[in-house]
Amino acid sequence: MMRMQQQQVVAVEGGVVVSNGGGMESPDDSSSSSAIVYERVAAMASGSAVVVFSASGCCMCHVVKRLLLGLGVGPAVYELDQLGGAGREIQAALAQLLPGSSNGGAVVPVVFVGGRLLGGVDKVMACHINGSLVPLLKDAGALWL
Amino acid sequence: MVQGEESSWRMASAHDHERAAVHLNQAALPYHGGVQAHASAALPASFLDFQPAAAAAAYFGELEEALIHGAANAGGVGHHPGSMITSDMHSAKSAAAGYLAARPPTLEIFPSWPMRHQQQLHSGNSQQSVGSTTDSSSARNTMAQMELVSPGPASSIRPSPPSSSEQQPQQQRQEVMMVTTDDYSYKPAFAPPPATLAAAPSFQQQLQLPLHGGDHDKRKHGLARKDGKLVDSKTERRLAQNREAAKKSRLRKKAYVQNLETSRVRLQQMEQELQRARSQGTFLGGCSGSGDLSSGAAVFDMEYARWLDDDGKRLAELRGALQAHLVDGNLGLIVEECMRHYDELFGLKEELARSDVFHLLTGSWATPAERCFFWIGGFRPSDILKILIQQLDPLTEQQLMGIYGLKQSSEQAEEALAQGLQQLHQSLADTVAAGTLNEGAAVPNYMGLMAIALDKLASLEGFYQQADNLRKQTLHQMRRILTTRQAARCFLSIGEYYRRLRALSNLWASRPRE
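Chains A and B, in that order, give the protein sequences. My numbering applies: residue 1 is where the first sequence begins, and numbers increase by one. My numbering applies: residue 146 is where the second sequence begins, and numbers increase by one.
Hints were generated in silico from the structure; no laboratory data involved. C-beta atoms are modelled at their ideal positions from N, C-alpha and C, and glycine is treated no differently. Every clue listed holds true.
A partial selection of chain B residues facing chain A, derived with a Cβ cut-off under 10 Å:
#1 Gln568
#2 Gly607
#3 Thr619
Here are the computed distance ranges between Cβ atoms for each label pair:
#4 B:Phe519 / A:Leu97: 34 to 40 Å
#5 A:Ala43 / B:Arg499: 36 to 42 Å
#6 A:Pro135 / B:Met447: 40 to 46 Å
Lysine to aspartate or glutamate pairs mimicking DMTMM-like chemistry, simulated, CA-CA at most 20 Å apart:
#7 A:Lys123 / B:Glu556
#8 B:Lys531 / B:Glu559
#9 A:Lys123 / B:Glu495
#10 B:Lys458 / B:Glu481
#11 B:Lys552 / A:Asp122
#12 B:Lys601 / A:Glu79
#13 A:Lys123 / B:Glu606
#14 B:Lys552 / B:Asp528
#15 B:Lys601 / B:Asp501
#16 B:Lys601 / B:Asp575
#17 B:Lys552 / B:Asp613
#18 A:Lys123 / B:Asp488
#19 A:Lys123 / B:Glu559
#20 A:Lys123 / B:Asp613
Model the full structure from these sequences, guided by the hints.
Put into structure tokens, the structure is as follows:
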């Protein structure tokens, strides 16, 4: 569902430089490069109390963003479709982390709280309903009340 | 000089005819319907004994009303068509009554007017004299003629052709006949059954003939200029025939409309029966009574009917258990059953969402009253919570906190989902409306546009799933907050609430309507 557009690489928040060497790995480098991607993702996720990987056209991502903003959280949002090749890599990595997402084939949105993976929109909703989301956010320092 | 007057009059009256035709447009269509009705419906013979002289006069009065408007604008004719017309009406009433008695109640395939009589009619309605009598009478004639036959392809033939005094009455009649059949077949709204097509045109043609009468007859300029009273008996007879035909058509229209009404009522009753049968779970699998159900939708409807049956049993069980004050353990089992029952419904809906999400979203599987409260394909969690909070009265402090927290969380989640859905709608609308809509499907990127729109539409499924997920989570959380006994009462309340909504829908469907 996401349409990846060829755009310039944007410098990522948190000081991690995203290189655009995405499509050039040789087969024996793939495992190490994916490890690099995972590290990158982890680094991005640790950059803020709440990190949301999203896509600019995705309406479900809008839902998650609205929910978090409504709670008073200021999440760090990465629009993967605007990150070009790096975005695609990250999306692939996230797909591995979150198998069987229910968002009609799209991986995003993916939410990290306190550097740890929370999940997709259904997980976020479930956590919110059963009352575990807000304490989690408070623990991570995203909410102060 | 006379010629000049005549031509100017003709131009003016042609203009009037158009204007008055607009007035009579309303009358025209039902009139046609009436004609149709006679052709298709079998009417009793006593039909014609019906003496609506007043009705005919009233109808004719409307006609004359329009005529007065038209004739008054004829540009300084300077006569008093009104007085002429009212006097005519009086004579018309008596003529109509006598005339009615004389008419046999049969559908006349061949016109009953002998040729000689026809000619008299023609002569009786000279169009050439500028007298007010013939002005209004022929104007009225043309009016009636235009009301009978739609201003379609044949209309060019009718309004005042140039003076062709060489026209034989025979030829005119022929022409008139052709006009009527043509116009008849051009009436798509009243597509006649082929069997009656033969009968109807001739009937209509019979109506037409006396009315078309002397319109095209330019030979008789016999009548001198008159002012005021109508003296000509031939005109009077023709007018009487007009009125009789008008009355007949009016009655036929009435019968036709009554027929339609009874059919409509019957159809409504059948629909209600079907609705009732479906909601009570006697739905026969595979029968697509309501339009085009996809196979997934049909299966779901069947399963849902079965689920409703089960639901009824569960409710009865719960009620019995609560009254019997069962031990918590046993009650707990029953409550678990209920929870699984609801999960089963969510599972059914999820399955349907994969094949036909729109059947779910439109709510055609639910009754109308339930549909009022629909929110993305099901109940709105916070609505249910509001109801339950009132029902579950003795709650501990902690429970109250829990429930209010749950209500707040579900409200926040609902809000987020609604906003996302709104953005999806906007995005879909923007995609479909991309480019210029004026060019239709000739826009260069049409297929690409459609592909993008398809994707967006597909994401509706995701929203539906999230909404259902929210409902399920809310119910489960509810169960966790409450004690066993309270949970039993909770499920009983929800079940009864929906049962009442369904009963309300049934009552609504079967309420008497005048």
